[in-house]
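Asker: This is what each chain is made of:
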Amino acid sequence: MLGDYFALSFKNLKHRGIRSWLTLLGIFIGIAAVVALITLGNGLQAAVSAQFGVSSTEVITVQAGGLNSYGPPGSGVVNPLTVGDVEAIDKLSTVVRTIRRNLPSGRLEFNDRAVFGSAMSVPSGEDRDYSYEVLELEAEFGRLLKDGDRNRVMLGYNFYADSVGLEKSIKVGDKISLQGEALTVRDYEVIGISKKKGSLVFDNIVYMNEDPLEDLMGYGDDVDLIAVQVKSKDLMDKAKEDIEKLMRKRRGVKEGEEDFDVSTPQAMMATVNTVLGGVQAFIIIIASLSIIVGAIGIVNTMTTSVLERRKEIGIMKAIGATNQHVFMQFMIESGLMGLIGGAVGATIGMLIGIVGTAGIGSFIGSDIPLTINWILVFFSLVGSFIVGAVAGIAPAMQAAKQNPVDALRG
Amino acid sequence: MGDKKERKKSSIGGKKNKALGKIKCDKEIIRLTGVSKIYHMGDTTVRAVDGIDVCISEGDFVAIMGPSGSGKSTSMNLVGSLDMPSMGKILLDGEDISTLTESDLAQIRGKKIGFIFQNFNLIPNLTVKENVMLPMMFQGTDIYERAVTAEDLLRKVDLGDRMDHYPNQISGGQMQRVAIARALANDPEVILADEPTGNLDTKTGEKVMEFLQQLNKEGKTIIMVTHEPELAEAYAEKVYWLRDGKVEKTTHKKNGFKVEAEERALHRKHGWNGKKGNRKSRKGLDKKKLVKGKQAKKGGK
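Taken in order, these protein sequences are the chains called A and B. Sequential numbering of the first sequence, starting at 844, is according to this note's numbering. Sequential numbering of the second sequence, starting at 1115, is according to this note's numbering.
Do not take every clue at face value.
In silico lysine to aspartate or glutamate, EDC-like type, Cα no more than 20 Å apart, as pairs [to be verified]:
#1 B:LYS1225 - A:ASP847
#2 A:LYS857 - B:ASP1278
#3 A:LYS1244 - B:GLU1216
#4 A:LYS854 - B:GLU1216
#5 A:LYS854 - B:ASP1218
#6 A:LYS1244 - B:ASP1218
Derived from the structure by calculation, the hints contain no laboratory data.
Only chain A is shown next, with the shape it has when bound in the complex (with noise of 0.2 Å):
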């Protein structure tokens, strides 16, 4: 019986007016937003972390000032990390090393044009290989730096794909010129050209080994981040305290009063998660206002439709129809109507998704695995049959209760 309502409403369906067809746009858009969403869901989570630098390595990071300042890490800070603070925190017991990063900005010059950015310090030794391995970083071209490249420089991705404003790709073997303290410029070769890492840092900065870049840009003592590995994972959380204290003694602040930030991957995980959660707390907002908006639509188009066929009604119930019959066939078709708009609605955002987790791939290039999620679609469309279900209900009723003998006068 059931399965004759669903044969009986598509036939109706199908001769239904485009008219019909407009007023689930809702519910297509609705959807489709939702599904592409979440199909995007590892895309995006890809592209954030990306853009934040967060390693799935077990790394802390230190840095002055928090999160909050603007700027990359340790520009603009009233009072920097220094070479000290590097040396207490190797000394915690939970600590296995730390690296001194310093991230200072300069001028850049090539093809007779500038352009301002960052550069960031390699650590020499067994840390340059950690340091390699926390960053992810491997050589496109050329090769990654060695202990004893004095004038040497590898460079971000951007600078080989020729957009950070240089209107010409470097390659491995060309000439740069850096600018550093008090206006002195020096040149530099480049010895190779890191992967592409989808963020908008590390592909536009320029890896420098840790003293010729002081020679350089003589920072001093200063330290812009400190990168601490941890003993284990477990020990990550009791790191995080001991370091926290020990800087907190070292700087002199009180609790809760910090003006220095110590993070792990999970904060940072969680950051790029807060932002995520709200971007799609709004896509998901604005899906729910269509879904509502496509409701609207189906209950219009029904009611339309029960006066339309009013004579239908009249003869179904003359042969026999009882007003459940009637009832069931208009809600049911009212479903299928929900249903069909979300089933072109899920096809859409599935290839939403598949596009755009591509297309966030290539521009991070890295392969981000796609998931569609099936549970998800599934209970998209059984949600879009019941959203048009129920917004059939009213319809549906109302043809019920329609007397035969007027029903048929049409």
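Given chain A, put chain B in place with the hints provided.
Answerer: For chain B alone, coordinates are given in the frame of chain A:
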């Protein structure tokens, strides 16, 4: 004859209940007793049907005849239990329809009565075959049986080659035959045809009527509502003549559609609405009809 007299007397004399038991109507399927349908239009009330008594026996071919405005559409709705009477009682196969819920009534109606309408009333979105299958769906027949029965019925009305056409792809005569097949879908005891030839030309109309006659021969009870006396007398065994919401007279084929003398007397004595002019014109009409009826009968033979 006697029972008819009784009935008329009773309805006129207001002794309906007492007379009820005396009305003989063999194997009755539908019985209307003192049925009225009153419509309220603003302050005025319209008695579309005013105290009619109708009895339909199994296997009858009955015509309900009347000019437009005579209340024949309303009485058809009542006879087909599509509508509830304002007064009086309607028994469908011995069951008082006013005691049934709307849904039960629909179910029983779907099973016992097949409708044929003047304007065919097929559902345009469904194919011919699906239209015929529809009444069976409401009775919960399984889909395979529905398809087989529908195909059989359509072949019976010579539409075996039009099953997958849509109503707008076939002619009026064909549509009416589809409607006949649909009316037969649940193998009902009664076929109720409302002006079945009203929208058809003479030739196709005849074919439709032949089908109805054939069905009657096969044992189906046929009730036909029409405004054409010729049609009524050409096919029906019994004709209820309606005027102004009342049964003016009942005639039988076996009597050559003559109004019995006693009944005539009654008519004269009581009148139906007390208007002389009306009665006169009615008499004139009657004679004309009788002649035509005879002719039709002759022609038929």
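Asker: Decide, hint by hint, whether the structure agrees.
Answerer: Consistency of the hints with the structure:
no.: 1; hint: B:LYS1225 - A:ASP847; verdict: holds, 19 Å
no.: 2; hint: A:LYS857 - B:ASP1278; verdict: holds, 16 Å
no.: 3; hint: A:LYS1244 - B:GLU1216; verdict: holds, 10 Å
no.: 4; hint: A:LYS854 - B:GLU1216; verdict: violated, 27 Å
no.: 5; hint: A:LYS854 - B:ASP1218; verdict: violated, 27 Å
no.: 6; hint: A:LYS1244 - B:ASP1218; verdict: holds, 14 Å
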